[in-house]
Each structure stands twice: as C-alpha cells, then as structure tokens.
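Use the sequences and the hints to build the structure in full.
Protein chains: 2
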Amino acid sequence: MSEAQTNQPIETNRIQARYWIETAYPLDDAAAIMAGEQSTGTFVRTPGETDELRALYAARVESVRELGMVETPSLSGSGLPRKRSGPIPRRTAEVTLSWPLANMGTSLPNLLATVAGNLFELKPFSGLKLLDVTLPPDFLSAYQGPQFAVEGTRRLTGVYGRPVIGTIIKPSVGMTTEQTAAQVRMLAEAGVDFIKDDELQADGPHCPFEERVAHVQRALNDHADRTGKRVMYAANITGEIDQMLHRHDLVAAAGGTCVMVSLNSIGLPALVVLRRHATLAIHGHRNGWGMFSRSHATGMSFIAYQKFWRLAGIDHVHVNGLRNKFCEDDASVIASARECLTPMFAPPHKGCTIMPVFSSGQSARQAPDTFKALGSMDLIYAAGGGILAHPAGPAAGVRSLHQAWEAAAAGMPLADYATMHGELRAALERFAE
Amino acid sequence: MSEAQTNQPIETNRIQARYWIETAYPLDDAAAIMAGEQSTGTFVRTPGETDELRALYAARVESVRELGMVETPSLSGSGLPRKRSGPIPRRTAEVTLSWPLANMGTSLPNLLATVAGNLFELKPFSGLKLLDVTLPPDFLSAYQGPQFAVEGTRRLTGVYGRPVIGTIIKPSVGMTTEQTAAQVRMLAEAGVDFIKDDELQADGPHCPFEERVAHVQRALNDHADRTGKRVMYAANITGEIDQMLHRHDLVAAAGGTCVMVSLNSIGLPALVVLRRHATLAIHGHRNGWGMFSRSHATGMSFIAYQKFWRLAGIDHVHVNGLRNKFCEDDASVIASARECLTPMFAPPHKGCTIMPVFSSGQSARQAPDTFKALGSMDLIYAAGGGILAHPAGPAAGVRSLHQAWEAAAAGMPLADYATMHGELRAALERFAE
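Protein chains in written order, with the numbering used here: chain U, 2 to 434; chain X, 2 to 434.
Keep in mind the hints are simulated off the structure, nothing from the lab. Worth double-checking, as some hints may not be accurate.
Claimed, not checked - Computed far set for chain X versus chain U, every beta-carbon distance over 10 Å:
hint : residue
1    : E63
2    : E152
3    : H224
4    : R231
5    : L251
6    : R295
7    : L342
8    : M378
9    : P392
10   : P414
11   : D417
12   : H422
13   : A433
Said to hold, decoys possible - Cβ-to-Cβ under 10 Å is the rule here; a few derived chain X residues that face chain U:
hint : residue
14   : E38
15   : T51
16   : L57
17   : S75
18   : G78
19   : S79
20   : F126
21   : G128
22   : E200
23   : W290
Claimed, not checked - Derived pair list, reagent style DSS-like, types lysine-lysine, alpha-carbon separation capped at 25 Å:
hint : chain 1 : residue 1 : chain 2 : residue 2
24   : U       : K124      : X       : K326
25   : U       : K326      : X       : K124
26   : U       : K373      : U       : K326
27   : X       : K351      : X       : K326
28   : U       : K84       : U       : K124
29   : X       : K373      : X       : K326
30   : X       : K373      : U       : K84
31   : X       : K84       : U       : K326
Since the model is a prediction, treat every value here as computed from it, not as a measurement. Glycine included, each C-beta is placed from N, C-alpha and C at the ideal position.
What follows is the structure in structure tokens.
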C-alpha cells in the first residue's frame, strides 16, 4: 500500500516528511544536506556531533526518487556544488526524510520548525516544497483533533444524505448589523443549511461583532422556532486570543453552533487554545494559503498543511471547488478534499477527518463531477451567486442545488434530471459554463 | 519624501499596502480587481454593494506603476482577460492600495486577512507579492510593540558602542543538558555576549527544557558572579501558549534575560499573549520565512512581514547576514536590517524599532561591509564557526570579531587593522572567502 493510502509512517516512533526538490547537486548529497541541516548538523561539522549522537538523533533519508531534469532554475539564488560553474543540469526528485519523534516531541509548532523551517532557504535548492507529513499517533495525546467534524456538523444542522448547502454573506464589508441579519434571514428562508461571514468581516466599527451576532442569531433562532430547522452560522471570531474566546462565548450564548477563524492569521497555538475552550464547531478559513501553494517550487502542499490544523482542532476547512474562480486546478481541489476525509491515523486511533468546504464559483453545475471525484456527500457545498443569482430567487437556487446533488447521487446526467425539475433547469440555463 | 523613508500612510486613518504584480490584464483593471476582492466586492456585484457603501468601505487604488513586460508567466494557473487567448503580453507593476482603518480595525490578524488573504490566488495574476504595509499609529493602542529592543538589549547585556556578539548552541539536537551547559560555559568564558538555542531544540526528552535552562543559567549566573558580565541566553520556548508562558517564567526565575520563539510556528496572537506576559526580551526566529520569500512571484517581503511581528512585540529578529550560506542576497539582507532600525511611526509615537540579528556564515570578514551598509552598530552579530573554528580557540574568535568591528568603526581596512591584531589576522587567514 502506498503512503498516501495509509497515511502512517513506516515506523511508529518516527516523523516522516516528503518533499519535492530541484537541485544542481547530486540527489543523494542534496537529501543528506536536508537531513543534516534539520537535525544534528550545521554548515560546519562541530566537535559535539559525535557518531553516537548522529545515530540517535540524525534525520534519515528514507527515499530519493528522481523525477526529471529542468533547463532553468525555478527559483533564483541557489548555489552549485563545489568546483562546478556555468550551466549544469538540475534534477527534480521526491525525497522522504524521517526523524525520531524524540527530536521535537509531540509539538506541532516545533514539528513545523523541523519539517519546514530553514529548509526552503538552503543554498543547494532552486526549489523545495513540503508535500506531506506522516505522524505517529502519539500526537493525539497532545492534541484533541476535531470536535464535531462530519458527524457533528450533520447533527448540528440536521442534514443527512446530502452535502450541507452553504452560502456566504456579501458584500464582504460595509453592511450594518441589521442589514447583515436581514440577509441572513432571507438566506435561511431560502433553505440554506449553513451561512458564513466573509473573512474580511470581523469586528469593524460599522458592523461590531457582538451586535452582529446578536442580530443574526436572533434571526436564525426565530427561523428555528418557526420551522424547526437550525441554520449553522459561522461567525468570524478571528482576532487576539482573549477576543476569540470571548466571541466564541457570545456566539454560544446567542444560540449559535459554529465559529470561523482565519487559520494563517491566528497560528496553531491560538487554535489549540480555542479548541480546548470550544463548545462550538470550528470553521477553518485558509485565506493566505496561496502564499504557501501558488509556486510549485516553494512552500507546502495543502496535503501537509491541513494535517497540522486538523490535529489542532478544526472541523471544516476550505478547499476551493471544481472550476473555481481562483488559480487552483480541479485535481488539486479534489486531492485536498479527499485528504480531509482520509484518516490521519489508523483505528483504534482517532482519524481526525474533517469536512471539506467547496466554494468559489459553485452552482448546480459542479455537483455531479464533485460527487464522482470525491465519492462522498460529506462536504459543505457553498454557493454565493449559485443561490442568489438564480432567476427564480434564492429559494429556487437552493432547490437547484438539492436537485443537482440528487442527480449526482442517482448517477443521472444533470440535463436529464432537469427535465423533471424546473429549478435545476433554470440554474443550468443561468449558470452556463 | 518617498513612502519608504517616512513609513507613514498618506492618510492617518487608512491602511496602505504595496504589491508587485504580474498580469495579462490591463493594469488598472487588475488593481481594481485586487481592491474589490479585498473589500466590498465579490466575483459578482451583489445588490447590497451600493455606491454609498463603496464610497465608505471600498479599498482604493492609490497608484499603479508599470515596471515591464515578461515573456512567460511566473506562476501557472492564472487566467486571461475575456475574449483573449493565446500568447498575450504580461506586464509587471507596483500597485499601492489603501483601506479605511474601520474595515478591519486595529487587529493584526484581520489586517493580514485583508492585505494578504485570498489575493495570492486571484485568477488574473501570474504573480502577486506583498512588498510593504504602512499603518496608522492607532495600532499602538492595541499592541505593545517591543519591550527591550536595542536599548534594553544593551542594558541587559552591558554591551555599548559595538554590536552584541552572539553565537548558537550546536549541534542543534542531541546534546544532554549537561553537555549544553558545558558548551555555554565555554562560550561565556570565550567572551560572547549572547547565546541562543537552535530552533530545532525545544523540549525533547533528551534535553528537557526545564533541566536545560537550570543547567545553562547556573553556568551563566556563575560566570556573572565571577566576572560581572551577564551573558544573554535566548532559550527556545516555542510551543503551545501555556507551555511558552510557563517556560518564560522558568527562564526568569533562573535569572535569564531572554526567550526565543519560532515566529511562523506560533502565530501573531500567541506572540501577543507572550508579550503581555513577558518580563524578558523576546528573540524572534523567522525559520520558515523562506516559504514567503523564496519566490519573487508570491508571498511577502520581509519588509512587510517584520512589521506585524514588531508591533506584536519581538525585540530581535533574524535577517541572515552578508555573504550568508542561504539563498538570500546581500541587498535583501541589508534592506531587512535597515527596516528593523527604521521607525514604523513618527514621533511622538513609539517607533517600534528592533535589533536585527546577523547570522549564517558570519566571521570577522563581513564586519566592515555590514557596518558600511547598515550605518549602525545596533545589531546582534552571531557567528558559529567564526568563533569556534578560530585557530587560536573561541576566545580569540570573539576577540577577532571585536577587532573587526573596531576596524569597521574606524573606517580602516581589515587587513591594515590585522597587522596590529593577531586574532583578527588569524581569522582572516582561516575564514578566507
């Protein structure tokens, strides 16, 4: 079985990390430099770096798999091996390293300094990207992982047998709390299961958090009282730690079920504190992730990235969507979403699976391909225009999404199912690709 | 005066951010898309986005300065303007946007989601990098900034009129607490002012934090009792927030004066909590920064990056060094260091300047060029091999650094000064470039 399928390190007391590299150095030398720099080594071998110490603590090169040559370096500033100059071949490869767990202990911040850290700046590399990490289940004694995840989100929203249909409050900033609550009421009446703040909306003076949550939750509580349906509202609590804990408690007191945080803005330790405190689902927004992902030659893949945040305790995370409006291609979107639903640890350990959130340019159109590629309904399917811009109004927009997922589940082409379902038919006409 | 010189936004109630972009879109359109996406806009103009709302909350394009054309896109996945296909010209430019402070308030996490956030993934851009941010001094009511910085670090170390001479404990991991303390004692006796843990060394079972700090501080306290010289030891407290606060207190109780954190591992809110709690200097390690900086086409410059951390409260930050062993060139190193010493806010507001830490392949060699380029002695000059590998031993290594900086201050060529100073002469022979 491949690593990707098991997600288990080869040895249970070692951390493993897989990288894409590009280098003018012999590949084995390059891998050894990575391992040395991130464990016992330094630029100059020091007297203290004994053989015994190396045997116990040195990172190990587990594998080096050559991928191919490149003509020009992907990134500038890298160096050449000694005594070489002029144009020399650069190779790309996948390298897997491992470390004894004892080097950093079960600490996500220190794990990050080890598997990422200074590696990206090392001179021999004109490209180096972290592709994946595999961790021993010992980390579960230090981190709680998700509290609600798929099952808890279904329980809180009462949605089973189909994706949770979500949407976002727009415009991002500028609406008053009353205007926001009015939009939320309209969206709840249209039948959505989930509504989130925009990540740009936090606690500005024009729409202060406390007042916004009070108004929005009142609208959603009224809706629940009238219809029995409790819509999940992911209130953006991003801020300093004391603010986030206070805002979490305000949401809980107002009857809410979810809070949202911008992961890259708050960092892992803040999320850990929030998770310990939380009685609500935590919706992870990955804005800023493009900094890690946009270059093929540096940063880290979402596959590696999301594992840190899952262990730290998010329940949902954004993965874009098929044919989205950003730069990410469909294969990457699906790989990300599948990873969210793949256990990080084998039973009897907690798998820490979470709910992927599909969004960005989503309408009824992408449902069948999404289902086919993912093989699961365990996702939040968020549409903005796909609901609001439906010609027959937002309620029809939501119904068109239900119908699209019914067709997907039944394995029927959308066009066929649309002959019997007017909302889907109108959606396919409106949201032509 | 240019922005770079004043570091003040044009209007005192607006945030400003400067970007490098690469796009196939007309530049003004591209800039408008950035501004729209990160404020009132969405992919589709929604009914709520009224003209009044836009006037109050929309981000503004302050300037667009064309830089030149590129033949091929720097990053893959970007899109073309409507009705265009095939090879079309891509332009690069510097774009400055501004936002009303009210959009995100004086919140660094929410500022980050605004000035960085989803921008990097926007389809029209085959390159987009955040170059700088300028903030109104209102942020000083929410953040404390550095507590010790240059002056406090000089007071704590008793070093005046020259750089603080530092070194790092090596090997990174694997030594026992006793071995670590023995190395520290040797380095103190050699005359260093500052010693730091490696960022890979935190609280592993082979060198537990509490025991390491106890042993190391005992050695340094003994040294201070004997010599009157208090060496600053930056103990790596990186971890979860409760761990960091506890470790900070252990260091303080043991008589230490400094703690170190891996910034990218802990995040801004955790640093803010640590700063509020801290009675010791905070040494900021930027490992992982390569992910933001290695590509010219995505991420953010150190100039922007370090402003967030300075406001949040670090006292020192790493900037590599001239002719370092990483990929960063000298111009970037000097620009980073100068920025650390440049006030973020004009008097009477706190400037939040901090102490840059030069390291990586540093020896006596780089002192004159560093002084010339920086125009200041307000730095930590850290050398590993440059001290330990000196032919006459580490004390001579430290003296060679003092002599090199004396020469730099006097404007004398190193070779001339070396004729009268044997340690410097030996260093120049040993550390040939």
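message: Hinted pair, alpha-carbon criterion (25 Å max): K124 (chain U), K326 (chain X). Please report holds or violated.
response: 6 Å, holds
message: According to the definition I'm using, a residue is off the interface if its beta carbon is farther than 10 Å from all beta carbons of the partner; does R295 (chain X) meet that for chain U?
response: 4 Å, violated
field: Hint check, E38 (chain X) versus chain U [nearest Cβ-Cβ separation less than 10 Å]
entry: 8 Å, holds
query: Quick one, is the F126 (chain X) hint okay against chain U at 10 Å, beta carbons?
result: 8 Å, holds
- prompt: R231 (chain X): least C-beta distance to chain U exceeds 10 Å?
  reply: Check passes; 25 Å lies beyond 10 Å.
query: Can we confirm that no CB of chain U comes within 10 Å of the CB of E63 (chain X)?
result: 18 Å, holds
task: With 10 Å as the threshold, tell me whether H224 (chain X) passes as away from chain U on beta-carbon distances.
output: H224 (chain X) is indeed farther than 10 Å from all Cβ atoms of chain U, at 20 Å.
query: Between K84 (chain X) and K326 (chain U), does the CA-CA distance stay at or below 25 Å?
result: 16 Å, holds
message: Under 10 Å is the threshold here; is the Cβ of W290 (chain X) close enough to any Cβ of chain U for the hint to stand?
response: W290 (chain X) check passes; min Cβ-Cβ to chain U is 8 Å, inside 10 Å.
- prompt: Can we confirm that no CB of chain U comes within 10 Å of the CB of M378 (chain X)?
  reply: Per Cβ check, M378 (chain X) is outside 10 Å of chain U; nearest 26 Å; holds.
task: Hold the hint about G128 (chain X) up to the distance rule: shortest CB distance to chain U must be less than 10 Å.
output: Hint on G128 (chain X): holds, closest Cβ of chain U at ~9 Å, below 10 Å.
message: Please verify whether K84 (chain U) and K124 (chain U) have alpha carbons no more than 25 Å apart.
response: 15 Å, holds
Hints 6, 27, 30 from the earlier list are contradicted by this structure; the remaining hints agree with it.
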